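Please put together the full structure from these sequences, using the hints given.
First to last, the sequence lines map onto chains A and B. Counting in the numbering used here, the first sequence runs from 8 upward without gaps. Counting in the numbering used here, the second sequence runs from 8 upward without gaps.
The reader is advised that the hints may include incorrect statements.
[Claimed, not checked] Below, computed lysine to aspartate or glutamate pairings styled on DMTMM-like, alpha-carbon distance capped at 25 Å: (1) B:Lys187 x A:Asp171; (2) A:Lys34 x A:Asp261; (3) B:Lys212 x A:Asp171; (4) A:Lys83 x B:Asp122; (5) B:Lys212 x A:Asp261; (6) B:Lys116 x A:Glu77; (7) A:Lys83 x B:Asp44; (8) B:Lys187 x A:Glu170; (9) B:Lys241 x B:Glu205; (10) B:Lys94 x B:Glu19; (11) B:Lys83 x B:Asp44; (12) B:Lys116 x A:Asp44; (13) A:Lys161 x B:Glu184.
By construction, these hints were calculated from the structure, which means they are not laboratory data. In this text, all values refer to a predicted model and were calculated from it rather than measured experimentally.
Protein chains: 2
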Amino acid sequence: MTRTELINLIRERRSFLCVGLDTDLNKMPRHLASQPDGVFQFNKAIIDATIDYTIAYKPNLAFYESMGIEGLRQLKFTVSYLHSLNKKAFLIADAKRGDIGNTSQQYAKAFLSPDGDFNFDALTIAPYMGEDSVVPFTAYDGKWVILLALTSNKGAFDFQLMEDRASGRRLFERVLETSKQWGNPDNMMYVVGATKAEMLEDVRKIVPDSFLLVPGVGAQGGSLEEVARHGMTKDCGLIVNSSRGIIYASNGEDFAQRAGEEAHKLQQQMDHLLTTLCPNL
Amino acid sequence: MTRTELINLIRERRSFLCVGLDTDLNKMPRHLASQPDGVFQFNKAIIDATIDYTIAYKPNLAFYESMGIEGLRQLKFTVSYLHSLNKKAFLIADAKRGDIGNTSQQYAKAFLSPDGDFNFDALTIAPYMGEDSVVPFTAYDGKWVILLALTSNKGAFDFQLMEDRASGRRLFERVLETSKQWGNPDNMMYVVGATKAEMLEDVRKIVPDSFLLVPGVGAQGGSLEEVARHGMTKDCGLIVNSSRGIIYASNGEDFAQRAGEEAHKLQQQMDHLLTTLCPNL
Chain A
8 MTRTELINLI RERRSFLCVG LDTDLNKMPR HLASQPDGVF QFNKAIIDAT IDYTIAYKPN
68 LAFYESMGIE GLRQLKFTVS YLHSLNKKAF LIADAKRGDI GNTSQQYAKA FLSPDGDFNF
128 DALTIAPYMG EDSVVPFTAY DGKWVILLAL TSNKGAFDFQ LMEDRASGRR LFERVLETSK
188 QWGNPDNMMY VVGATKAEML EDVRKIVPDS FLLVPGVGAQ GGSLEEVARH GMTKDCGLIV
248 NSSRGIIYAS NGEDFAQRAG EEAHKLQQQM DHLLTTLCPN L
Chain B
8 MTRTELINLI RERRSFLCVG LDTDLNKMPR HLASQPDGVF QFNKAIIDAT IDYTIAYKPN
68 LAFYESMGIE GLRQLKFTVS YLHSLNKKAF LIADAKRGDI GNTSQQYAKA FLSPDGDFNF
128 DALTIAPYMG EDSVVPFTAY DGKWVILLAL TSNKGAFDFQ LMEDRASGRR LFERVLETSK
188 QWGNPDNMMY VVGATKAEML EDVRKIVPDS FLLVPGVGAQ GGSLEEVARH GMTKDCGLIV
248 NSSRGIIYAS NGEDFAQRAG EEAHKLQQQM DHLLTTLCPN L
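What follows is the structure, given as structure tokens:
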């Protein structure tokens, strides 16, 4: 999906919501957890209930890998189902990959190749190993790297805020600056946690036009309004993720209906924020 | 596998060699690549030919994921085969994972759980997201985190050598220091590339007793002797990986025999280095 197509999707749905598919057998309704394809059935019901309010879906690979090979089959069915729909969405593999060049090439093939089992639009990447670990993910047309910059968790403070003696820049700022030479706003986005919304202004000084994938709204405590106020651009420039707050809004038979309601609530807030902060979209 | 068992393995086989199973359909012998379980057959032949000279195997997840779900089935067969052997080896998933706490728990389950499809002894982890992204991997008894410190690739220079304004320490040194509070030499090792052997002395100042997983000998240009001279401890403290130099020593029908010969050559050098530098092992 190109940048223009992504912006069109935001314009049409009046939303910049991503639904995180952190699908967990222990948290989904029991009547589904006991079925052989329960993970897929759960995801399908969530997708059907939320797609009118959502522009992106983000399966978290860990949750599927923890169910072994069967979990990855359920993920494959989920991605195929999303590709089969008339209503499009931006598909993010939240996989936090990254390795030396020839290995990153293999990860890129695994997740981004149109001929593979998955064919995602984008993949989250950890920057620790530098340029040759990131660049191979930019090799597929219309596909995206989403590089970790400032994450939403407590551990973000361990290294990401370390100040560079030479430049005075913090590590996440060095990642933003340096990686601008590896990609551009048409093929590279950044993860910036909603729990650090006030730092979004520092991020925007370095990457004024790039899309940001923002986790941490909802269960992790971040505020949607703060994120929009500090991070929105004229093209919106934000994809805000909510996982648990939507997909586990209920663990009863009404789980999909409740997920749809939660997604709709967020979409209405986003519509309002787009009207206020992004009037020319 | 406990630290004591690992050291015993090194003592018995007079080796600290890890064979990297970066198995690639385009590089393996054609007569195997065309078979439905060719990846497993290739790995099995390599394992049979090298296990007398080797203490560890390290499948690189990217190479299996790039073959889709079928690739992961071949990996599962490979790991099951290794568990079935009387001759034990330390099994490393080279997966470079790491995410917020509840997600890292899922990755830990995927790779380290004795009940899962894989049941590895250890997993490589990227440190960018800090403490809560790493600690969940220490939850399994006798299992190991292998944290990236100083990697073997060119991109290592992008961020890993950045100097902290407050302490003067470089990022990889901060990772070593900080992570000592998250684990100990019984459940945490570090990746330090052989291409930066002279920095092993700086590493040893911070983690004198920890095992190091050292990639980059062979195809990437690192020297085994340099690594041993700068990094060996009284318990050896090193696991040196070779991937392409062993498994693709030949792509003909003699591939396994040639792999065995290359592993044997490295084992003989390691035997000599252990005798010289680690006389009381």
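For each hint, the structure was consulted:
{"no.": "1", "hint": "B:Lys187 x A:Asp171", "verdict": "22 Å, holds"}
{"no.": "2", "hint": "A:Lys34 x A:Asp261", "verdict": "14 Å, holds"}
{"no.": "3", "hint": "B:Lys212 x A:Asp171", "verdict": "22 Å, holds"}
{"no.": "4", "hint": "A:Lys83 x B:Asp122", "verdict": "23 Å, holds"}
{"no.": "5", "hint": "B:Lys212 x A:Asp261", "verdict": "58 Å, violated"}
{"no.": "6", "hint": "B:Lys116 x A:Glu77", "verdict": "14 Å, holds"}
{"no.": "7", "hint": "A:Lys83 x B:Asp44", "verdict": "21 Å, holds"}
{"no.": "8", "hint": "B:Lys187 x A:Glu170", "verdict": "21 Å, holds"}
{"no.": "9", "hint": "B:Lys241 x B:Glu205", "verdict": "19 Å, holds"}
{"no.": "10", "hint": "B:Lys94 x B:Glu19", "verdict": "11 Å, holds"}
{"no.": "11", "hint": "B:Lys83 x B:Asp44", "verdict": "12 Å, holds"}
{"no.": "12", "hint": "B:Lys116 x A:Asp44", "verdict": "20 Å, holds"}
{"no.": "13", "hint": "A:Lys161 x B:Glu184", "verdict": "18 Å, holds"}
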